[in-house]
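Novice: Chains A and B, in that order, are what the protein sequence lines are.
Counted the way numbering that gives the first Met the number 0 counts, the first sequence spans residues 0 to 110.
Counted the way numbering that gives the first Met the number 0 counts, the second sequence spans residues 0 to 578.
Among the hints, erroneous ones may be present.
Taking beta-carbon pairs under 8 Å as the criterion, some of the chain A residues facing chain B (in silico) [said to hold, decoys possible]:
no., residue
1, Arg-23
2, Lys-32
3, Cys-44
4, Glu-45
5, His-47
6, Pro-63
7, Gln-70
8, Val-74
9, Lys-80
10, Asp-91
11, Leu-92
12, Arg-97
13, Val-100
14, Gly-101
No lab work stands behind these hints, which were simulated from the structure alone.
Keep in mind it's a predicted model, so treat the numbers as computed, not measured.
A virtual CB, placed ideally from N, CA and C, is assigned to each residue, including glycine.
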Amino acid sequence: MMTDTREVLAGNALPAPGETFELRLYVAGQTPKSVAALANLRRYCEQHMEGRYSLEVIDLLQHPQLAEGDQILAVPTLVRKVPEPMRRVIGDLSNEERVLVGLDIRPRGAR
Amino acid sequence: MRKKPLAAAPALPRLPKAPTGIDGLDEITEGGLPRGRPTLVCGSAGCGKTLLGIEFLVRGIQQFGEAGVLLSFEETAAELAANVTSLGFDLGALQANKQLRIDHVHIDRAALEETGEYDLEGLFIRLGYAIDAIGAKRVVLDTLEALFAGFTNQALLRAEIRRLFGWLKDKGVTAVITAERGEHTLTRQGLEEYVSDCVILLDNRVIDQITTRRLRVVKYRGSTHGTNEYPYLITEEGFSVLPVTSLRLEHEVSDNIVSSGVPGLDAMFGRGGWFQGTSTLLTGTAGTAKTTLAVAFALAACQRGERCLYFAFEESPAQLVRNMRSVGLDLAPYIASGLLRLEASRPTLSGLERHLVVVHKLIGQFRPQAVVIDPISNLVSVGSASEVRSMLTRLIDYLKVHGVTALFTALVSGSRGLVELAEEGVSSLVDTWISVRDLEGIGERNRGLSILKSRGMAHSNQVREFVVTARGVELLDVVIGPLGIVTGAGRLSQRLQEQAVARAAQFEVDRNDRELERKRRVLEATINNLRTEFESVEEELRRVNDQAQARQQAQDRDRGTLAAGRPSGGPSAPSETPA
Chain A
0 MMTDTREVLA
10 GNALPAPGET
20 FELRLYVAGQ
30 TPKSVAALAN
40 LRRYCEQHME
50 GRYSLEVIDL
60 LQHPQLAEGD
70 QILAVPTLVR
80 KVPEPMRRVI
90 GDLSNEERVL
100 VGLDIRPRGA
110 R
Chain B
0 MRKKPLAAAP
10 ALPRLPKAPT
20 GIDGLDEITE
30 GGLPRGRPTL
40 VCGSAGCGKT
50 LLGIEFLVRG
60 IQQFGEAGVL
70 LSFEETAAEL
80 AANVTSLGFD
90 LGALQANKQL
100 RIDHVHIDRA
110 ALEETGEYDL
120 EGLFIRLGYA
130 IDAIGAKRVV
140 LDTLEALFAG
150 FTNQALLRAE
160 IRRLFGWLKD
170 KGVTAVITAE
180 RGEHTLTRQG
190 LEEYVSDCVI
200 LLDNRVIDQI
210 TTRRLRVVKY
220 RGSTHGTNEY
230 PYLITEEGFS
240 VLPVTSLRLE
250 HEVSDNIVSS
260 GVPGLDAMFG
270 RGGWFQGTST
280 LLTGTAGTAK
290 TTLAVAFALA
300 ACQRGERCLY
310 FAFEESPAQL
320 VRNMRSVGLD
330 LAPYIASGLL
340 RLEASRPTLS
350 GLERHLVVVH
360 KLIGQFRPQA
370 VVIDPISNLV
380 SVGSASEVRS
390 MLTRLIDYLK
400 VHGVTALFTA
410 LVSGSRGLVE
420 LAEEGVSSLV
430 DTWISVRDLE
440 GIGERNRGLS
450 ILKSRGMAHS
460 NQVREFVVTA
470 RGVELLDVVI
480 GPLGIVTGAG
490 RLSQRLQEQA
500 VARAAQFEVD
510 RNDRELERKR
520 RVLEATINNL
530 RTEFESVEEE
540 LRRVNDQAQA
550 RQQAQDRDRG
560 TLAAGRPSGG
570 PSAPSETPA
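I would like the entire structure built from these sequences, with the hints used as guidance.
Specialist: Set out below in structure tokens:
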């Protein structure tokens, strides 16, 4: 069972493999966890999705109203909005393998 | 049916409380939930945790002007709104008025990966945002334990939940946290460890195929509270905890006397009836005209112009009216005029407390001066003895507090039944106890009525026979036989016997009279005989005397003649010459 947000996005065509990833990282202020998460994420993106991603960082302390829309409970939370289906990874993203599994990205070496 | 909270104890500073507005719950908690603190409501599936939470919020908004936030982990806002529409709660309107905010927290474990450290700050931010957006004073988290399904790091989760409760306290909101009941613990995840201010346990059990719900305040830090299990109901008006109308005996009493509807029965009471506002129990075995007596009472109340509410648990109203017409008790005019209201339902239709709620509600609406429950023993079959007792206590209390004159009938089986009722404590609850029973003789059954007790009034100690005639119930005069009071055919044979005795006595008297007459006549005859005999003797004697006298005279004359010499002229002619 997914929420309303998915309904909105359902109209979007599924991006073909290798298409753009649309990522959102939700953090709450500049905590060590969020700083680490952002640094880790940037590294993975450069490594595995170079030029094929857009990243938006949302600080919930400044935009608390956005937490509800993407069903954010834990921070940091990384949300893959596109391609569908929506996936999330929570935590400071320190484990590269799990982040890639969570985002459903195959590492380059495995291709 | 809102009641004033119980009178406050001495003027000590009291824990500030947030009234829930829920029927009965504020009485048990003596004012409501601890203000500004979290309260844990735990219970198994289907016992109304979510409803309690929603009602807490809705009543908070409607009655106390406190906005509320509902953080729902299980149902969406639309689902919740649909669920409570039937209770008359319009969540949509409240949301539109910015008095209520519902945030549905959806946790999808499948689309979630955990890596590295995280915390639940997002939840705090969401909740904080919702609270601040409408200035909420009340928060409901339903059901927080869903978090345990969503996250694998239990240690972190527990730490965050602990932090959440602290955070809620700091926010100063009165929070209700619902949780699923665990096997051996109050909650499945042991949330009671974190919420230490107030824990309310809801219980939903099925006994003899009838569901009964119970509420208990397990703990309430810093406040006294009712400690018992209280039955509660989910009615069409929401949550209703039953009904702690009066925990004390302090109702007002009346000195007025009301009639039982049977003149003969009234006469058995020292003051010609029973006191207004008292409760009367009418027990009897099957077919002892309990219902007839009850209807007579109801009718008498209506004839006085009082409103009467009659709960029939055995007959439908139409059947009752028809049957009672056959004994000259016509209810129809009073039903038509609205003075009498018949409420019929099967006792097993619902649990005890639902009956109690129905009774309360109807009494609240109808405001009767007299109530008949016929029979109360059918309710007894629904619950266990202790439940029945507590229910009856509450019911009788409720009626007394409202000054309602009540009559309960109860079916008992033989003398054992009386013991059972006494054990259930019913007898000590009622003020007057009338027993009707079969007086079984040889080849017949008669109905006898006696008063077992009547508080505050002298009463007859006799077992009175009564008959149900086409003109209602009539008590017969007491007939005392050689072995006590006699009834029925015994009464008739006693009468015949008495008549026979009287006849025999009369016959004896007559016979004596005749004998006397006879004797007198015999004597008189004897006397006549004697007299006749005497007369003949007298006559005989007199004749002898006369002859003797004549002879004497003759001799005297002869002797005179001789003495004078020879008579001249002729021979002597004795006795012919005058001497």
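Novice: Each hint: holds or not?
Specialist: Hints and how they fare:
Among the interface hints, the one on A/Arg-23 is violated; its C-beta lies about 13 Å from the nearest C-beta in chain B, farther than the 8 Å criterion. Hint on A/Lys-32 holds. Least Cβ distance to chain B is approximately 5 Å, under the 8 Å limit. A hinted interface residue such as A/Cys-44 counts as satisfied when its beta carbon comes closer than 8 Å to some beta carbon of chain B; here the least separation is about 15 Å, so the hint is violated. Residue-level restraint check for A/Glu-45 is violated (minimum Cβ-Cβ distance to chain B is 18 Å; threshold 8 Å).
Using the Cβ-Cβ criterion of 8 Å, the hint placing A/His-47 at the interface with chain B is not satisfied: the shortest such distance is roughly 15 Å. Contact between A/Pro-63 and chain B, as hinted, is supported at the beta carbon level, the nearest pair being about 4 Å apart and thus within 8 Å. The restraint placing A/Gln-70 at the interface with chain B holds, with a minimum CB-CB distance near 5 Å, inside the 8 Å limit. Because the beta carbon of A/Val-74 sits about 5 Å from the nearest beta carbon in chain B, less than 8 Å, this interface hint is met.
The restraint placing A/Lys-80 at the interface with chain B is violated, with a minimum CB-CB distance near 12 Å, outside the 8 Å limit. Residue-level restraint check for A/Asp-91 holds (minimum Cβ-Cβ distance to chain B is 4 Å; threshold 8 Å). A least Cβ separation of about 6 Å between A/Leu-92 and chain B falls short of the 8 Å threshold, and the interface hint therefore holds. Interface restraint check: A/Arg-97 against chain B, minimum CB-CB distance 4 Å, threshold 8 Å, status holds.
Contact between A/Val-100 and chain B, as hinted, is supported at the beta carbon level, the nearest pair being about 6 Å apart and thus within 8 Å. A cut of 8 Å between beta carbons decides the hint on A/Gly-101: the least distance to chain B is about 3 Å, and the hint holds.
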